[in-house]
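Trainee: Given these sequences and hints, build the entire structure.
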Amino acid sequence: MIEVEELKKSFGNLQVLKGMNLSIPSGQATGIVGPNGAGKTTLIKTLLGLVKPDSGTIRVMDTTLNGDWLYRKYIGYMPQVARYPENMKVHELLDFIKGLRDQEAVYEEELIDQFNLKPELNKPLRTLSGGNRQKVGATLAMMFNPEILFFDEPTAGLDPRSSHKFKQRVQSEKENGKTVIITSHIMSELEQLVDHVIFILDGKIRYYGSMQQLLDQSKEERLEAAIARMMESDDEVSA
Amino acid sequence: MKLLTHIVKNEWKSLLRGKWVIGYGLIFLLLTDSLLRFGGGGAETLLSISNVMLLFIPLVGMIYGILYIYQSKEFVELLLTQPINRRVLYWGLYLGIATPLMSAFIIGAALPLAWHNILLLDGSSAALVLGLGGILTLIFVALGFVLGLFFYDDRIKGFGFTIVIWLFLAILYDGLILLMVFAFGNYPLDRFVIIVSMLNPIDLARILVMLEFDISALMGYTGAVFNRFFGSNLGILVSGGMLAIWLALPSWIGLRVFNKKDF
Chain A
1 MIEVEELKKS
11 FGNLQVLKGM
21 NLSIPSGQAT
31 GIVGPNGAGK
41 TTLIKTLLGL
51 VKPDSGTIRV
61 MDTTLNGDWL
71 YRKYIGYMPQ
81 VARYPENMKV
91 HELLDFIKGL
101 RDQEAVYEEE
111 LIDQFNLKPE
121 LNKPLRTLSG
131 GNRQKVGATL
141 AMMFNPEILF
151 FDEPTAGLDP
161 RSSHKFKQRV
171 QSEKENGKTV
181 IITSHIMSEL
191 EQLVDHVIFI
201 LDGKIRYYGS
211 MQQLLDQSKE
221 ERLEAAIARM
231 MESDDEVSA
Chain B
1 MKLLTHIVKN
11 EWKSLLRGKW
21 VIGYGLIFLL
31 LTDSLLRFGG
41 GGAETLLSIS
51 NVMLLFIPLV
61 GMIYGILYIY
71 QSKEFVELLL
81 TQPINRRVLY
91 WGLYLGIATP
101 LMSAFIIGAA
111 LPLAWHNILL
121 LDGSSAALVL
131 GLGGILTLIF
141 VALGFVLGLF
151 FYDDRIKGFG
161 FTIVIWLFLA
171 ILYDGLILLM
181 VFAFGNYPLD
191 RFVIIVSMLN
201 PIDLARILVM
211 LEFDISALMG
221 YTGAVFNRFF
231 GSNLGILVSG
241 GMLAIWLALP
251 SWIGLRVFNK
261 KDF
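Sequence order for the protein chains is A and B.
The first sequence runs 1 to 239 under the numbering used here.
The second sequence runs 1 to 263 under the numbering used here.
No wet-lab data here; the hints were simulated from the structure.
Misleading hints may appear alongside valid ones.
What the hints assert, rightly or not - With a cut-off of at most 30 Å between alpha-carbon atoms, the simulated DSSO-like pairs for lysine-lysine come out as follows:
(1) A:98 <-> B:157
(2) B:73 <-> A:89
(3) A:98 <-> A:178
(4) B:9 <-> A:73
(5) B:13 <-> A:73
(6) A:98 <-> B:261
Mentor: This is the structure in structure tokens:
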């Protein structure tokens with residue numbers, strides 16, 4: 001359960017979030033789309049507490065965010081770029097994060113199996129390929145079985161097989177009633193994984209609703225075409 | 001507290017495996033040992049060690065602090081998304097990287113002092129030099145942290161400021177004071193010089209060393225003034241107190257910046 005009211009954030013003179021209102025109910029899978037620099041990452045970082053908003057309120061699982069940190073135990077986050085301390089071994093990283101979170105890593109074994117990470121566990125993280133590091137990131141995000149999952153461009157560096165495994169996993173998390181939030185530029189991937197879409201343009205929410213409705217409205221068959229059409233119509237208005 | 005030690009322990013493990021810190025300790029070991037062999041032990045050798053320490057520890061500490069911030073950006077961001085307090089994370093990371101560096105210097109320099117019997121003969125002076133090195137390490141790693149957090153997305157600027165600050169504090173500062181004293185020699189400048197030298201932790205450490213060894217004239221102008229003004233005991237007390245403030249200030253500023261920062 002995530003609620004956002006009138007969220008605003010500027011970096012210097014640049015207004016990145018210009019008053020966002022948003023309510024994501026539990027158990028919904030939502031894709032965040034929008035052009036580069038629209039404010040997707042800033043929105044996610046604000047929800048995670050990495051970025052502090054200038055004004056507006058955020059509520060996550062009934063906690064109003066104001067320097068709180070405990071609410072993050074409900075959240076698993078997989079960042080876009082996976083870089084870890086070079087000398088650390090994979091299993092040490094997993095143990096380290098387990099020590100930080102006072103939660104049981106219920107899905108640790110299962111995820112390691114699913115992503116074929118077993119042979120990598122004793123290797124230092126610097127020797128891992130980009131894709132394997134992403135899989136470590138996905139494992140860290142999901143192993144504590146959190147209520148809310150954030151994925152930032154999750155499949156960008158994955159090979160087809162891992163990408164397929166990852167999507168399967170996200171599907172099953174969705175079926176288990178998890179709130180899943182994904183940003184991606186790959187529209188076909190979002191079609192598979194989410195049923196609601198948030199389209200952000202220039203710091204504001206341009207569209208938020210179910211994907212089916214969006215497709216019906218725009219009379220397009222694919223999400224990519226529907227989004228592209230929405231961006232074009234915006235250009236015409238401003239022109 | 002448990003979280004703090006967990007983070008510190010993890011940093012220790014990472015750093016020791018990096019071997020970098022061990023190399024740093026070995027350099028001080030070799031240096032101290034050779035100085036003791038050639039210098040024949042005694043106060044002169046301790047002075048030489050403290051001279052090297054006053055020059056290099058600030059530079060290494062700052063570079064090390066800022067480099068850590070730049071190298072671990074993504075990792076720190078990942079840790080910030082875990083359910084832990086920013087304050088705990090900050091102290092964990094800071095102590096986790098500053099204390100190994102501090103220990104590397106202290107152990108590296110203390111071992112030769114021990115096997116050349118200086119620790120027994122001239123224990124308090126040796127302890128002072130080692131302790132000052134440790135404190136300077138903590139101060140300058142914190143300064144590196146502050147610079148790294150401040151110029152988070154601009155490494156060139158961050159490193160540039162690091163070098164400039166080091167050059168200024170370690171090398172130019174005493175010269176500038178001397179220049180001013182030379183230019184305004186007709187005015188009473190004692191008080192001014194004392195205040196100015198308290199604003200530089202390297203100068204403070206230098207003064208403490210001087211007062212301990214009672215060789216004020218050999219180590220720069222500010223020390224001579226300090227000695228004349230305060231005399232040994234009060235001087236050691238005042239400069240020690242100022243150094244304690246310096247120990248707290250950069251790490252506290254770092255904490256403030258870390259707490260408020262948008263990552």
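Trainee: Each of the hints needs a verdict: does it hold here or not?
Mentor: Each hint tested on the structure:
A threshold of 30 Å between alpha carbons decides the hint, and for residue 98 of chain A with residue 157 of chain B the separation of about 36 Å lies outside it, so the pair is violated. About 18 Å separates the Cα atoms of residue 73 of chain B and residue 89 of chain A, which keeps this hinted pair within 30 Å; it holds. Taking the CA atoms of residue 98 of chain A and residue 178 of chain A, the gap is about 21 Å. The hint holds against a cut of 30 Å. Only pairs whose Cα atoms come within 30 Å are accepted, and residue 9 of chain B paired with residue 73 of chain A is accepted, the gap being roughly 22 Å.
Of the pairs offered as hints, the one joining residue 13 of chain B and residue 73 of chain A holds, with about 26 Å between alpha carbons and a cut-off of 30 Å not exceeded. Taken as a hint, the residue 98 of chain A and residue 261 of chain B pair is honoured in the structure, with Cα atoms around 25 Å apart against an allowance of 30 Å.
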